[in-house]
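Peer 1: Going down the list, the sequences are from chains A and B. Per our numbering, the first sequence starts with residue 213, numbered consecutively. Per our numbering, the second sequence starts with residue 213, numbered consecutively.
There's no promise every hint is true.
Same chains, same names: a pair is fine if it fits in one copy or spans any two.
In the EDC-like style, the derived pairs of lysine to aspartate or glutamate whose C-alpha atoms are separated by at most 20 Å in a straight line are [unchecked claim]:
#1 Lys241 with Asp251
#2 Lys419 with Glu397
#3 Lys286 with Glu252
#4 Lys309 with Asp622
#5 Lys519 with Asp629
#6 Lys644 with Glu283
#7 Lys297 with Asp629
#8 Lys464 with Glu618
#9 Lys267 with Glu368
#10 Lys309 with Asp629
#11 Lys550 with Glu290
#12 Lys228 with Asp622
#13 Lys255 with Glu236
#14 Lys515 with Asp379
#15 Lys286 with Glu392
#16 Lys515 with Glu298
Hint data in this document are derived by calculation from the structure and do not stem from the laboratory.
There are 2 protein chains.
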Amino acid sequence: MDINFFIWRNTPEESKNFIFKRAELDISKIEKIVNQILDEIKKRGDKALIHYIEKFDGAKLNPEQLRVKEEEFKRAEEKLSNELKEAIRKNIENVRKFHAIQMPSPMKLFPVSLGVYAGEKIEPIPSVGLYIPRGKGSFPSVLYMLAIPAIIAGVERIVIVTPPSRDGSIDAATLFTAKECTIKEIYRISGIQAIGALAYGTKTIPKVEKIIGPGSSYVTAAKRALFGIVDVGLPAGPSESLILADETANPKNVALDFLIESEHGPDSASILVTDSEDLGREVVKIVPSLIEDLPSMRKNFIKENMKKYSGVVIVEELNEAIDFVNKYAPEHLSIVTKNPFDVFPLIKNAGEILIGEYTPFSLANFSIGPNAILPTGGFAKTFSPVSVRDFFKYSSISYVTKNGFEKLKDYAIQLADYEGFPSHSTALKKRKICKKGGNDFYERKRI
Amino acid sequence: MDINFFIWRNTPEESKNFIFKRAELDISKIEKIVNQILDEIKKRGDKALIHYIEKFDGAKLNPEQLRVKEEEFKRAEEKLSNELKEAIRKNIENVRKFHAIQMPSPMKLFPVSLGVYAGEKIEPIPSVGLYIPRGKGSFPSVLYMLAIPAIIAGVERIVIVTPPSRDGSIDAATLFTAKECTIKEIYRISGIQAIGALAYGTKTIPKVEKIIGPGSSYVTAAKRALFGIVDVGLPAGPSESLILADETANPKNVALDFLIESEHGPDSASILVTDSEDLGREVVKIVPSLIEDLPSMRKNFIKENMKKYSGVVIVEELNEAIDFVNKYAPEHLSIVTKNPFDVFPLIKNAGEILIGEYTPFSLANFSIGPNAILPTGGFAKTFSPVSVRDFFKYSSISYVTKNGFEKLKDYAIQLADYEGFPSHSTALKKRKICKKGGNDFYERKRI
Chain A
213 MDINFFIWRN TPEESKNFIF KRAELDISKI EKIVNQILDE IKKRGDKALI
263 HYIEKFDGAK LNPEQLRVKE EEFKRAEEKL SNELKEAIRK NIENVRKFHA
313 IQMPSPMKLF PVSLGVYAGE KIEPIPSVGL YIPRGKGSFP SVLYMLAIPA
363 IIAGVERIVI VTPPSRDGSI DAATLFTAKE CTIKEIYRIS GIQAIGALAY
413 GTKTIPKVEK IIGPGSSYVT AAKRALFGIV DVGLPAGPSE SLILADETAN
463 PKNVALDFLI ESEHGPDSAS ILVTDSEDLG REVVKIVPSL IEDLPSMRKN
513 FIKENMKKYS GVVIVEELNE AIDFVNKYAP EHLSIVTKNP FDVFPLIKNA
563 GEILIGEYTP FSLANFSIGP NAILPTGGFA KTFSPVSVRD FFKYSSISYV
613 TKNGFEKLKD YAIQLADYEG FPSHSTALKK RKICKKGGND FYERKRI
Chain B
213 MDINFFIWRN TPEESKNFIF KRAELDISKI EKIVNQILDE IKKRGDKALI
263 HYIEKFDGAK LNPEQLRVKE EEFKRAEEKL SNELKEAIRK NIENVRKFHA
313 IQMPSPMKLF PVSLGVYAGE KIEPIPSVGL YIPRGKGSFP SVLYMLAIPA
363 IIAGVERIVI VTPPSRDGSI DAATLFTAKE CTIKEIYRIS GIQAIGALAY
413 GTKTIPKVEK IIGPGSSYVT AAKRALFGIV DVGLPAGPSE SLILADETAN
463 PKNVALDFLI ESEHGPDSAS ILVTDSEDLG REVVKIVPSL IEDLPSMRKN
513 FIKENMKKYS GVVIVEELNE AIDFVNKYAP EHLSIVTKNP FDVFPLIKNA
563 GEILIGEYTP FSLANFSIGP NAILPTGGFA KTFSPVSVRD FFKYSSISYV
613 TKNGFEKLKD YAIQLADYEG FPSHSTALKK RKICKKGGND FYERKRI
């Protein structure tokens, strides 16, 4: 297996660009089918949904079967080992602890100037649809990563959609996780048609105000097509990881970590940046032996992305490595250097930063507590990981007293007149002011 | 002039839906031209930009003239009255005070369990393009509303784009405001082509990571088309205001306020919801006299949206009015009731909440401090007003010690194995652990 290997200082600019390039979603090829399916869901609702679930998942369902029933939760739980159930519970606990600290105070109000108060308050979004993918594997961990912050934020209606097997059943651990999260509204629907049903609503599935969660390129394209119609959250595409290591890192561990995100899919990217050429060469030597025993699907994924998006980059100084990270803006970053606590404050762009050799990607994916749904494709430059902040929104609050109004109004009139908005200005100039004394708040003309 | 008037309890469901409907951006009609212009900007850069600025704004420019020059700032300042300049400075001060309180602490790190630390840190986004519209009026206030939070968040590169006049000049107060905000990178470009230049970059205009700001339906369609390629922020469409009033409100003031957002454009919406039929009828009586003296453009805008999107809704109880607001999710909400501080906590969905009779929309648009760029079209259900939070992003941080790793790893292995990710699991199972005692942080094999 070939692994791209760059001695950075000797690499021409064109070749440097190669490693910064991500798998781009070429919507043009699937745009037509995406729009067609969305349109049919909008027009024909459940009928179209049933049609496409049979077509794409091979499951024959009637509308009453779309929603998961009470007894299925019990059956699912019986199928799982106690160890797995305990692990899910423990992970949920950590995710809950982490996301609880993200909650801001429900309201702030403070004086801007005499008689002028302003602030903001938060309220949960009214409803959300969580897309839990299935296919190459199943993803109960995605469910708790999305559901826990939604619950902490106080979202009243949390809906889960996830693809069924051919026999119509839902992954057992996904159901168990939903039960642990006290979520009961689950539909066995998949892909573009699931996103369409959540956005437009059908007779069986009332629409939601926001859709969030990773998915195939079809799911991503459907969300992109619906931007401006429904809130579709952050862009979460193919997995990316970057290891920033120096000579103090253990090559075996680095090689193990190098493969974690790489096994996700052919479009994943796994990059090692180091100022130690020895480390880089050792890792490249170890990696092929590690993939020998993998199932052929995972092996092929790794081989494919090693050609296209992954590689080892050798720089001369740690500062260059830091610059590389900030330019790349990886989804997941692992820092394994002598003094990682001196390095991580210099990282400006990364979805998550994992510090030190005992904080590997896969521990963070499932168990530490921070969210594993993170911005990809360089969007870590402007987007944040999924958090409670995806599940509430702010309203600004202002309160101006009679005194405050008199003091402030001329500054607004100047702008309104200049910008050409006469009614904006007149509402201030001709405003009837209550002449009675006392607190203006209680001196209304009609009481 | 006819104003829609609903006695809510007697209104059939179909008619109720009328008032909840907003001006929808029908992209299908302009999609082709939007994609064509974006494509040309991507391929031909400055040349296409110059072409479209001449075509749409009538300004003949060469690439060296796109960026505003130092001396233009001075000339602009000389054109403005001292009163306007003082008003701009005072408003900037309030906007700065308000947005400063939004900043969270730069980093949090806390213990999840023994040896497991997690938290998050914030960093400014690297660059942003602010779109300052021009056309029906000029919008220096939009500039300070967008620029101040970007500056407070610490964004290194803040770019302003705004349409030129036919002679190539930029609105004087917009330039003065930019100078007051210490922003120097300003380009005289407009519409779809401006958004394309910011997203793809040209020889003259380096690309930005995020584009934010209100604009015409063409600007909105261009941003929608670029979603997934560049961060385009919140959906901000036609203006909407809702007044929630009871019998204690002054009808003259309510009528004045009813026209504020209504004069923005034919697609604006202005709604009064009240439990006092008397108040509603008085307002409807006063409004026509108030619009007589308006310039014909503004008068036509008001007449147009009074037919399509605006109206008065009479409910029987205040609770119904609150339900109406939460269902409508207005951009701007004004509460003029006997006890507005008992009402506003019940509002779940509104971009901004203005409390009491001395806090009219136009005072908030320019002077109080909270941002005036707010989610429209019902998106106040899930989106927040523009804030410092649009100009920084979070990275999650995790640090696990050797002890923490040993305690936690089995919970991750369980999930990795179940979900079908062998390399995720192996990186934990086969991880080499340093056996030396002491702080694992300093006991590395190679030092």
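Peer 1: Against each hint, give a clear statement of whether it holds in the structure.
Peer 2: Results of checking the hints against the structure:
1. For the homomeric pair Lys241 and Asp251, the shortest alpha-carbon distances inside one copy (17 Å) and between copies (17 Å) are both at most 20 Å.
2. In this assembly of identical chains, Lys419 and Glu397 lie within 20 Å of each other by CA distance solely inside one copy; the values are 12 Å within and 43 Å between copies.
3. Taking CA atoms no more than 20 Å apart as the test, Lys286 paired with Glu252 passes in neither setting, with 35 Å inside one copy and 58 Å between copies.
4. Taking the shortest Cα distances, Lys309 and Asp622 sit within 20 Å of each other only across copies (19 Å), while inside one copy they are farther apart (49 Å).
5. Taking CA atoms no more than 20 Å apart as the test, Lys519 paired with Asp629 passes in neither setting, with 61 Å inside one copy and 26 Å between copies.
6. Taking identical chains as interchangeable, the C-alpha atoms of Lys644 and Glu283 are never at most 20 Å apart, the minima being 64 Å within one chain and 44 Å between chains.
7. In this homomeric assembly, Lys297 and Asp629 come within 20 Å of each other (Cα to Cα) only across copies, at 13 Å, whereas the closest approach inside a single copy is 65 Å.
8. In this assembly of identical chains, Lys464 and Glu618 lie within 20 Å of each other by CA distance solely across copies; the values are 18 Å between and 71 Å within a copy.
9. Taking CA atoms no more than 20 Å apart as the test, Lys267 paired with Glu368 passes in neither setting, with 33 Å inside one copy and 50 Å between copies.
10. Taking the shortest Cα distances, Lys309 and Asp629 never come within 20 Å of each other, neither inside one copy (52 Å) nor across copies (24 Å).
11. Neither within a single protomer nor between protomers do Lys550 and Glu290 lie at most 20 Å apart by alpha-carbon distance, with minima of 47 Å and 58 Å respectively.
12. In this homomeric assembly, Lys228 and Asp622 never come within 20 Å of each other (Cα to Cα): the closest approach is 56 Å inside a single copy and 39 Å across copies.
13. For the identical chains of this complex, Lys255 and Glu236 are inter-copy neighbours only, at 18 Å across copies versus 31 Å inside a copy, given an alpha-carbon limit of 20 Å.
14. Neither within a single protomer nor between protomers do Lys515 and Asp379 lie at most 20 Å apart by alpha-carbon distance, with minima of 33 Å and 58 Å respectively.
15. For the identical chains of this complex, Lys286 and Glu392 are intra-copy neighbours only, at 12 Å inside a copy versus 64 Å across copies, given an alpha-carbon limit of 20 Å.
16. For the identical chains of this complex, Lys515 and Glu298 are neighbours neither inside a copy (35 Å) nor across copies (64 Å), given an alpha-carbon limit of 20 Å.
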